[in-house]
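**Student:** Each chain, letter by letter, is given below.
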Amino acid sequence: MKKEWKLLLDIFITFFKIAPVTFGGGYAMIPVIEREIVTKKQWLEEKDLTDVFALAGSVPGAVAINSATFTGYRVAGVKGALAATIGVIIPTFLIVLLLGIFYITFKDNPKVDAAFEGIRPAVVAMIAFAAYKLKGSALIDKTTITAFILSVFLLLFFQVHPMLLIIGSAFCGIILVNIRAKLGKKTPIENKEQQLDYFMGANI
Amino acid sequence: MTLWLLFKTFFLTGLLSFGGGYAIIPVIEAEVVKYGWMTTRQFTEIIAVASMSPGPIATNSAIVVGYETAGIAGAVVSAVAMVLPSLAIILIVAAFFSKVNDNRTVKSAFYMLRPIVVGLIAYAAIKFALSSHMIGSLSLHSLSLIIIFFVSLIALSKLKAHPAFVILFAGLAGIALYS
Numbered sequence: 000m001k002k003e004w005k006l007l008l009d010i011f012i013t014f015f016k017i018a019p020v021t022f023g024g025g026y027a028m029i030p031v032i033e034r035e036i037v038t039k040k041q042w043l044e045e046k047d048l049t050d051v052f053a054l055a056g057s058v059p060g061a062v063a064i065n066s067a068t069f070t071g072y073r074v075a076g077v078k079g080a081l082a083a084t085i086g087v088i089i090p091t092f093l094i095v096l097l098l099g100i101f102y103i104t105f106k107d108n109p110k111v112d113a114a115f116e117g118i119r120p121a122v123v124a125m126i127a128f129a130a131y132k133l134k135g136s137a138l139i140d141k142t143t144i145t146a147f148i149l150s151v152f153l154l155l156f157f158q159v160h161p162m163l164l165i166i167g168s169a170f171c172g173i174i175l176v177n178i179r180a181k182l183g184k185k186t187p188i189e190n191k192e193q194q195l196d197y198f199m200g201a202n203i
Numbered sequence: 000m001t002l003w004l005l006f007k008t009f010f011l012t013g014l015l016s017f018g019g020g021y022a023i024i025p026v027i028e029a030e031v032v033k034y035g036w037m038t039t040r041q042f043t044e045i046i047a048v049a050s051m052s053p054g055p056i057a058t059n060s061a062i063v064v065g066y067e068t069a070g071i072a073g074a075v076v077s078a079v080a081m082v083l084p085s086l087a088i089i090l091i092v093a094a095f096f097s098k099v100n101d102n103r104t105v106k107s108a109f110y111m112l113r114p115i116v117v118g119l120i121a122y123a124a125i126k127f128a129l130s131s132h133m134i135g136s137l138s139l140h141s142l143s144l145i146i147i148f149f150v151s152l153i154a155l156s157k158l159k160a161h162p163a164f165v166i167l168f169a170g171l172a173g174i175a176l177y178s
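If you're matching them up, the sequences are chains A and B in order. Quick note on numbering that gives the first Met the number 0: the first sequence kicks off at 0 and runs consecutively. Quick note on numbering that gives the first Met the number 0: the second sequence kicks off at 0 and runs consecutively.
Simulated from the structure, these hints should not be mistaken for lab results. Computed from a prediction, not measured in an experiment: that's the story for all the values here. Keep in mind that the hints are not guaranteed to be accurate.
[Said to hold, decoys possible] Below 27 Å or equal to it, Euclidean Cα-Cα: the simulated BS3-like pairs (lysine-lysine) are:
| # | chain 1 | residue 1 | chain 2 | residue 2 |
| --- | --- | --- | --- | --- |
| 1 | A | K110 | A | K141 |
| 2 | A | K106 | A | K46 |
| 3 | A | K78 | A | K106 |
| 4 | A | K184 | B | K106 |
| 5 | B | K7 | A | K134 |
| 6 | A | K185 | A | K134 |
| 7 | A | K132 | B | K106 |
| 8 | B | K33 | A | K78 |
| 9 | A | K134 | B | K159 |
| 10 | A | K132 | A | K78 |
| 11 | A | K46 | A | K16 |
| 12 | A | K1 | A | K106 |
| 13 | A | K78 | A | K39 |
| 14 | B | K159 | A | K132 |
| 15 | A | K106 | A | K132 |
| 16 | A | K141 | B | K106 |
| 17 | A | K134 | B | K106 |
| 18 | A | K5 | A | K40 |
| 19 | B | K7 | A | K181 |
| 20 | A | K78 | A | K5 |
| 21 | A | K78 | A | K134 |
| 22 | B | K7 | A | K132 |
| 23 | A | K2 | A | K78 |
| 24 | A | K16 | A | K5 |
| 25 | A | K185 | B | K157 |
| 26 | A | K46 | A | K78 |
| 27 | A | K134 | A | K106 |
| 28 | A | K40 | A | K2 |
| 29 | A | K46 | B | K7 |
| 30 | A | K134 | A | K184 |
| 31 | A | K110 | A | K132 |
| 32 | A | K132 | A | K181 |
| 33 | A | K141 | A | K106 |
| 34 | A | K16 | A | K78 |
| 35 | B | K157 | A | K16 |
| 36 | B | K7 | B | K33 |
| 37 | B | K33 | A | K106 |
| 38 | A | K181 | A | K141 |
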């Protein structure tokens, strides 16, 4: 019993220490998790880690948090998953909360207001760059390019709710690939840039 | 009541955040504007704050929205609501499937999800560009905003600058130009 708590505490502390490193996004966390979990603690083997990042990119949510949850689960079951998740969230939660408090306190200051006037286009650039980085692995054939254009069109001009679009597109994908398979056509569902899959949620 | 709305909103958001944070920005934006918690313009500032701290941008923005709407309790509720769906799904998947990624249905869903994720991110960029008066009308002011946009884009793509630095420098440019 005491040993179990010690392991859970160890998992918590390990991810607590890793969390602030996510400053570079999900990317930055991969080598750090590898060093801490595989090399130092020897909780998982190298090949298990590939599974961890693959799963973390396929389920909803941030890759950084998902990887922690799944690693924790592999090491110590459901309690391990909870310990790792809480551990990875607390540091970034506190940092962003502090920044949020700063922002709310000073946002009416004219200097801060001017700063945000300049920051807003930088945020737009950041988002545009995120879209650009993903286009290689996402827009791979005529169908996906059409889907991309259609989605922007629906969002901009018909105010379709983004949630609806996400759910709808997942179902469309499943139906489309199956119909094509019945017609004897192949769909390139294998992601060539597999690595990008875990990076899709990176920096996020 | 607000806490419950925050929980509901961010639970659904967490459940649907495939493809990571930038794609989920328009989802959060639609909800916060719907409930009148803030305007699109204010939300752009939240994104800036969220991307300056470590951690996932979607969860970070949820935390700041929660704090601005309902204080510390709001921040905690929003963070928990965002993470809970992923936690539950990972536990279920880990218990029943050994390899999700090899699943054909999952792969088929992602075939269409990926372009929609890019679409959502592109839409977020256009929407924020409109709300910050970057595009829509031409003036000396909008021209200066467009210049900041392109300089930031080059810094991010060519110089591989970290978003936090880009935001910092854009903020300094803002103080120099607009105060």
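**Student:** Run every hint past the structure and note whether it holds.
**Tutor:** Status of the hints after comparison with the structure:
no. : hint            : in the structure
1   : A:K110 / A:K141 : violated (48 Å)
2   : A:K106 / A:K46  : violated (48 Å)
3   : A:K78 / A:K106  : violated (41 Å)
4   : A:K184 / B:K106 : holds (16 Å)
5   : B:K7 / A:K134   : violated (31 Å)
6   : A:K185 / A:K134 : holds (21 Å)
7   : A:K132 / B:K106 : holds (20 Å)
8   : B:K33 / A:K78   : violated (37 Å)
9   : A:K134 / B:K159 : holds (18 Å)
10  : A:K132 / A:K78  : violated (36 Å)
11  : A:K46 / A:K16   : holds (23 Å)
12  : A:K1 / A:K106   : violated (49 Å)
13  : A:K78 / A:K39   : holds (21 Å)
14  : B:K159 / A:K132 : holds (12 Å)
15  : A:K106 / A:K132 : violated (32 Å)
16  : A:K141 / B:K106 : holds (18 Å)
17  : A:K134 / B:K106 : holds (17 Å)
18  : A:K5 / A:K40    : holds (13 Å)
19  : B:K7 / A:K181   : violated (40 Å)
20  : A:K78 / A:K5    : holds (12 Å)
21  : A:K78 / A:K134  : violated (38 Å)
22  : B:K7 / A:K132   : violated (31 Å)
23  : A:K2 / A:K78    : holds (13 Å)
24  : A:K16 / A:K5    : holds (16 Å)
25  : A:K185 / B:K157 : violated (37 Å)
26  : A:K46 / A:K78   : holds (23 Å)
27  : A:K134 / A:K106 : violated (35 Å)
28  : A:K40 / A:K2    : holds (15 Å)
29  : A:K46 / B:K7    : violated (37 Å)
30  : A:K134 / A:K184 : holds (24 Å)
31  : A:K110 / A:K132 : violated (33 Å)
32  : A:K132 / A:K181 : violated (33 Å)
33  : A:K141 / A:K106 : violated (45 Å)
34  : A:K16 / A:K78   : holds (19 Å)
35  : B:K157 / A:K16  : violated (31 Å)
36  : B:K7 / B:K33    : holds (13 Å)
37  : B:K33 / A:K106  : holds (22 Å)
38  : A:K181 / A:K141 : holds (20 Å)
Checked against the numbered hints above, the structure violates hints 1, 2, 3, 5, 8, 10, 12, 15, 19, 21, 22, 25, 27, 29, 31, 32, 33, 35; every other hint is satisfied.
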